[in-house]
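Chemist: Listed in order, the protein sequences are those of chains A and B.
First residue of the first sequence? That's 6 in the numbering used here, and the numbers climb one at a time after it.
First residue of the second sequence? That's 7 in the numbering used here, and the numbers climb one at a time after it.
Some hints here could point you the wrong way.
Chain B side only, calculated, beta carbon under 8 Å to chain A, not exhaustive [said to hold, decoys possible]:
| hint | residue |
| --- | --- |
| 1 | F16 |
| 2 | M47 |
| 3 | L51 |
| 4 | Y70 |
| 5 | T92 |
| 6 | E105 |
| 7 | Q107 |
| 8 | G110 |
| 9 | P111 |
| 10 | L115 |
| 11 | L118 |
Keep in mind the hints are simulated off the structure, nothing from the lab.
Positions of the beta carbon are idealized from the N, C-alpha and C atoms, including for glycine.
So the chains spell out like this:
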Amino acid sequence: SQKIEQNSEALNIQEGKTATLTCNYTNYSPAYLQWYRQDPGRGPVFLLLIRENEKEKRKERLKVTFDTTLKQSLFHITASQPADSATYLCALDGSGGYNKLIFGAGTRLAVHP
Amino acid sequence: NAGVTQTPKFRILKIGQSMTLQCTQDMNHNYMYWYRQDPGMGLKLIYYSVGAGITDKGEVPNGYNVSRSTTEDFPLRLELAAPSQTSVYFCASVSHQKETQYFGPGTRLLVL
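Okay, chain A solo, but in the shape it has when bound (with noise of 0.2 Å):
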């Protein structure tokens, strides 16, 4: 079955730095893969998607890279904030259509002044 991977621990980085969050997947081969941003009590929100034929997508201080020969996508943020601070959840598009999402357990990245 379809498997994605986030690091589980906390990534704690300073202000400034660069944050970059992994999402590996198996058993797949999908059309796309989004990336979406969580904070405690609230929905996932929406920041990129990417698709199979493109290797990197940048949205102001963010970047996607996409490497289906790897399975694995990376999520950088540069010139982190402390407002960055947040859960980063990655989302493979599933099998059987509708835009059916199959997401990832995210990873919580904290950022220090």
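Fit chain B to the known structure of chain A by using the hints.
Modeler: Quick look at chain B alone, frame taken from chain A:
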């Protein structure tokens, strides 16, 4: 636009009770989804709908039922609440022309 709204925000149920979690979206999206999120776990798809009158099971449908009588509303029904249904429930919607999902604020359910 209010986006996706969910009620209630929090509910405590006794084992065996029933309840309906409400979800409404005002974006005229065709596709709607119900997920549950347990601590340390990814969101799991319970049910989804691709339009009014059309619903289908997701990964973890047991113990739940849904209906979709209008484009806007997609309620989730728990008939006989069990402690294993203690979770946070999220509703989401997406336009059939796009892939990104819009999530509601969630309903926290505690079954005792």
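Chemist: If any of the earlier hints don't hold here, list their numbers in rising order.
Modeler: 1, 4, 5, 10, 11
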